[in-house]
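Engineer: Sequence:
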Amino acid sequence: MTAVRLDSNTIETKWQERWLKERVYSPDLGQAKKPFYNLMMFPYPSAEGLHVGNMYAFTGADIYGRFMRMQGYDVFEPIGLDGFGIHSENYAIKIGEHPAKLAKKTQERFYKQLHLTGNSYDWGKTLETYDPEYYKWTQWIFVKMFKAGLAYRAEAPVNWCPSCKTVLADEQVIAGKCERCGSEVQAKQLEQWFFRLASGKRPDGGLYAESLLANIEKIDWSQKVKIAQRNWIGKSEGMLIKFQAGDSEIEVFTTRPDTLNAVTFLATAKLYKEGSKEKIGKFSGKYAIDPLSDRKLPIWDTNYVAPDYGTGVIMGVPAHDERDMEFARKYGLDIVKKDPDETLWEKIEEKGWGKRQTNYHLRDWLISRQRYWGPPIPMIYCQKCAAEGKGEQKGMPGWHPVPEKDLPVELPYVEDYQPKGTGVSPLATEPKFYEAKCPSCGSKAKRETDVSDTFLDSVWYYLRYPSVGDKDAAWDPEITKKWLPVNMYIGGAEHAVLHLFYSRFIAMVLKDLNLTDFEEPFTRFYAHGLLIKEGAKMSKSKGNIVVPDAYISKYGADTFRTYLMFLGPFDAGGDFRDTGIQGMRRFIDRVWGLYAQTKKATKTDYEVQVKMHQTIKKVTEDIQNLRYNTAISALMEFVNLLREKNGGGEEALKSLALLLAPFAPHMAEEIWVEVLGEKFSIHTQPWPSFNSEYLTAEEAEIIVQVDGKLRATLKVDRQDSSDKAKIQPQAEAAVKTHLEGRKLINSVFVPGKLINFVTE
Numbered sequence: 004m005t006a007v008r009l010d011s012n013t014i015e016t017k018w019q020e021r022w023l024k025e026r027v028y029s030p031d032l033g034q035a036k037k038p039f040y041n042l043m044m045f046p047y048p049s050a051e052g053l054h055v056g057n058m059y060a061f062t063g064a065d066i067y068g069r070f071m072r073m074q075g076y077d078v079f080e081p082i083g084l085d086g087f088g089i090h091s092e093n094y095a096i097k098i099g100e101h102p103a104k105l106a107k108k109t110q111e112r113f114y115k116q117l118h119l120t121g122n123s124y125d126w127g128k129t130l131e132t133y134d135p136e137y138y139k140w141t142q143w144i145f146v147k148m149f150k151a152g153l154a155y156r157a158e159a160p161v162n163w164c165p166s167c168k169t170v171l172a173d174e175q176v177i178a179g180k181c182e183r184c185g186s187e188v189q190a191k192q193l194e195q196w197f198f199r200l201a202s203g204k205r206p207d208g209g210l211y212a213e214s215l216l217a218n219i220e221k222i223d224w225s226q227k228v229k230i231a232q233r234n235w236i237g238k239s240e241g242m243l244i245k246f247q248a249g250d251s252e253i254e255v256f257t258t259r260p261d262t263l264n265a266v267t268f269l270a271t272a273k274l275y276k277e278g279s280k281e282k283i284g285k286f287s288g289k290y291a292i293d294p295l296s297d298r299k300l301p302i303w304d305t306n307y308v309a310p311d312y313g314t315g316v317i318m319g320v321p322a323h324d325e326r327d328m329e330f331a332r333k334y335g336l337d338i339v340k341k342d343p344d345e346t347l348w349e350k351i352e353e354k355g356w357g358k359r360q361t362n363y364h365l366r367d368w369l370i371s372r373q374r375y376w377g378p379p380i381p382m383i384y385c386q387k388c389a390a391e392g393k394g395e396q397k398g399m400p401g402w403h404p405v406p407e408k409d410l411p412v413e414l415p416y417v418e419d420y421q422p423k424g425t426g427v428s429p430l431a432t433e434p435k436f437y438e439a440k441c442p443s444c445g446s447k448a449k450r451e452t453d454v455s456d457t458f459l460d461s462v463w464y465y466l467r468y469p470s471v472g473d474k475d476a477a478w479d480p481e482i483t484k485k486w487l488p489v490n491m492y493i494g495g496a497e498h499a500v501l502h503l504f505y506s507r508f509i510a511m512v513l514k515d516l517n518l519t520d521f522e523e524p525f526t527r528f529y530a531h532g533l534l535i536k537e538g539a540k541m542s543k544s545k546g547n548i549v550v551p552d553a554y555i556s557k558y559g560a561d562t563f564r565t566y567l568m569f570l571g572p573f574d575a576g577g578d579f580r581d582t583g584i585q586g587m588r589r590f591i592d593r594v595w596g597l598y599a600q601t602k603k604a605t606k607t608d609y610e611v612q613v614k615m616h617q618t619i620k621k622v623t624e625d626i627q628n629l630r631y632n633t634a635i636s637a638l639m640e641f642v643n644l645l646r647e648k649n650g651g652g653e654e655a656l657k658s659l660a661l662l663l664a665p666f667a668p669h670m671a672e673e674i675w676v677e678v679l680g681e682k683f684s685i686h687t688q689p690w691p692s693f694n695s696e697y698l699t700a701e702e703a704e705i706i707v708q709v710d711g712k713l714r715a716t717l718k719v720d721r722q723d724s725s726d727k728a729k730i731q732p733q734a735e736a737a738v739k740t741h742l743e744g745r746k747l748i749n750s751v752f753v754p755g756k757l758i759n760f761v762t763e
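In the working numbering, the protein residues as written are 4 to 763.
Derived by calculation from the structure, the hints in this document are not laboratory data.
Don't take every hint at face value.
[Said to hold, decoys possible] Below 20 Å or equal to it, Euclidean Cα-Cα: the simulated SDA-like pairs (lysine to any residue) are:
| id | residue 1 | residue 2 |
| --- | --- | --- |
| 1 | K150 | C441 |
| 2 | K756 | G652 |
| 3 | K606 | E654 |
| 4 | K657 | Y609 |
| 5 | K350 | Q247 |
| 6 | K128 | Q34 |
| 7 | K514 | L216 |
| 8 | K227 | A217 |
| 9 | K104 | E51 |
| 10 | K273 | Y290 |
| 11 | K333 | K408 |
| 12 | K536 | Q585 |
| 13 | K485 | S29 |
| 14 | K514 | P488 |
| 15 | K358 | D297 |
| 16 | K299 | E252 |
| 17 | K36 | D125 |
| 18 | K729 | E610 |
| 19 | K718 | A736 |
| 20 | K485 | R527 |
| 21 | K408 | D475 |
| 22 | K682 | K104 |
| 23 | K727 | I748 |
| 24 | K191 | L216 |
| 25 | K273 | G288 |
| 26 | K97 | K36 |
| 27 | K606 | G652 |
| 28 | K191 | K276 |
| 29 | K204 | N517 |
| 30 | K540 | G52 |
| 31 | K440 | E407 |
| 32 | K245 | T346 |
| 33 | K115 | E51 |
| 34 | K191 | K423 |
| 35 | K180 | A157 |
Could you build all of it, start to finish, from the sequences and the hints given here?
Structural biologist: Below you can see the structure in the form of structure tokens.
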């Protein structure tokens with residue numbers, strides 16, 4: 004049987020149009036009986052278009068959604084654009100186009116590309132974070148946070164990126180550099196808005212940090228992501244110990260109070276520089292007193308103590324810490340070798356030298372950004388109220404949230420949108436924007452000119468999707484109760500801390516404010532792998548960027564999708580090679596040839612039955628566990644057998660089409676409707692089930708009876724166990740002695756089970 008070239012472009016356009024017209028992928032959200040929310044991380048449009056890495060993630064997520072739809076679920080699979088924020092703004096600056104104008108262009112471009120892949124999106128529920136109808140509710144969440152005492156403004160040392168010209172949250176600084184542009188981050192003292200991520204307390208008095216840590220055990224996420232979240236919270240049990248230093252006290256947090264007997268110096272974070280390899284110190288000229296031994300301990304300013312660890316001062320215990328040992332040897336400090344003493348925990352408390360304390364690496368979430376392209380923070384400052392000590396929150400005189408009826412605070416179109424680098428947003432130069440009236444006393448007031456962190460846009464988008472179009476609420480309570488939390492969320496492992504952690508925090512807050520009924524937003528999260536090209540990381544400089552459009556145009560979306568999933572384990576990624584996609588195209592054509600050259604329906608023989616049921620089981624289990632590459636391998640083996648068997652029969656061909664549907668949805672639809680003459684659409688058909696009888700050992704046991712009495716058993720090839728012509732001669736030979744002298748008048752054969760010889 005030869006391969007037949009499939010006209011991919013024609014059939015893919017044809018079925019995409021029909022799916023859209025007949026709303027195949029748009030479930031009735033209110034009437035759904037078995038809701039399944041299948042979500043993929045939405046892209047930010049910061050480049051010329053979607054790259055192959057996006058398509059890899061989206062295809063993997065879509066296959067899972069298609070599979071669940073065929074399992075009988077009402078699958079909701081939405082898509083949108085994370086278009087606000089520094090990524091999109093930096094790209095606009097780079098090409099010299101206003102971000103507002105660019106957003107509309109990229110929106111059209113991205114959605115066109117997403118249509119090409121044939122993913123089963125509900126196109127009636129798209130959203131863009133820069134749409135005022137969306138960020139109205141982003142601002143509403145900020146107002147709710149402020150009213151709950153979880154948003155505050157304070158002067159603090161912050162991370163400043165001189166290139167991006169804005170502050171960064173701690174999570175956006177990697178090894179002392181901006182995670183976006185790689186510039187060396189500087190320290191600046193600025194007034195900023197924060198969310199109480201670390202310091203916030205829940206209605207029962209417990210910390211959000213503690214709940215976020217405890218809940219990690221309840222969610223079906225990979226261990227790698229769970230570990231990243233635990234580490235970011237960084238819970239540590241220890242003691243806060245007081246050291247007398249002249250007329251003042253220095254408090255030191257340590258997880259090893261049992262090593263107080265070996266302390267020889269104190270180290271501060273005054274010279275701290277993240278990423279420094281060489282340990283550098285400077286003696287401060289001051290001493291502290293060891294409460295245990297009354298010895299004088301020199302106080303050293305160092306570059307290896309992190310300012311955000313504990314109090315920013317540590318005990319130097321060279322005998323029990325490698326870093327302290329390295330530092331002590333370099334500067335000739337004392338080294339006291341004593342074994343840890345567990346009784347010191349109680350002794351320190353009894354003597355009043357310190358107390359037990361739980362510390363967290365986690366810090367409050369810095370939410371302000373001194374940029375243009377983002378949702379304006381919905382706050383107003385009134386000098387008159389400030390002078391009178393009035394404000395909505397204690398300790399924040401003069402500050403009032405914008406009344407909810409006045410939301411959204413729309414981002415104005417300004418010509419000069421580039422970041423200033425002065426610690427204020429470009430909006431600070433726009434009087435028409437910042438001049439406002441105090442919502443409390445009516446006096447002249449000033450609107451906040453910073454915009455919020457782009458991560459605030461994406462922490463709640465999953466809530467909005469089912470309620471897109473609702474102008475009266477951020478999310479419909481009944482629809483949300485039916486569809487949330489998200490059943491399956493697929494995205495990049497690089498978001499393990501930032502996006503996922505912030506999303507969990509906001510979900511917990513919304514539950515505490517009685518705005519939702521769940522704490523964890525994503526029941527299951529699966530992190531996909533990364534792709535390379537011909538053995539090298541993809542980059543423009545190497546000229547090896549994979550533009551999906553060109554490959555889809557040349558090979559078809561079904562080939563592109565199936566090849567991406569065949570590259571390797573979905574959580575590991577793979578190496579995209581042109582020779583590989585050419586091979587996948589040949590496979591697609593071989594499949595099409597099976598159907599194009601099968602003239603009439605035939606019965607599926609036993610060998611094909613066995614392989615068919617084995618393949619159904621294998622593909623089912625592999626998709627359930629997102630092992631797409633091995634599922635495709637099993638399909639290839641099955642196709643090879645069917646080609647040998649001249650099609651393999653009608654039952655096998657129908658099963659193959661159904662199994663291929665999540666991977667090659669257009670071809671599968673064409674086969675199902677146009678070749679097999681089945682009812683549209685294959686994507687709403689039940690997933691095939693396997694018969695376990697065909698999955699047992701390759702041998703079958705046949706009972707041999709003579710006149711109803713067991714006389715022998717036969718071991719035969721399972722594929723022969725239903726063939727009487729093959730079984731009877733073997734059975735007669737097995738019971739030859741019992742048939743001697745008797746006249747054989749009949750034989751009764753039960754395929755696959757027994758044969759009974761009737762004698763006279």
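Engineer: Go through the numbered hints given earlier and state which of them the structure violates, listing their numbers in rising order.
Structural biologist: 2, 11, 22, 24, 26 and 35
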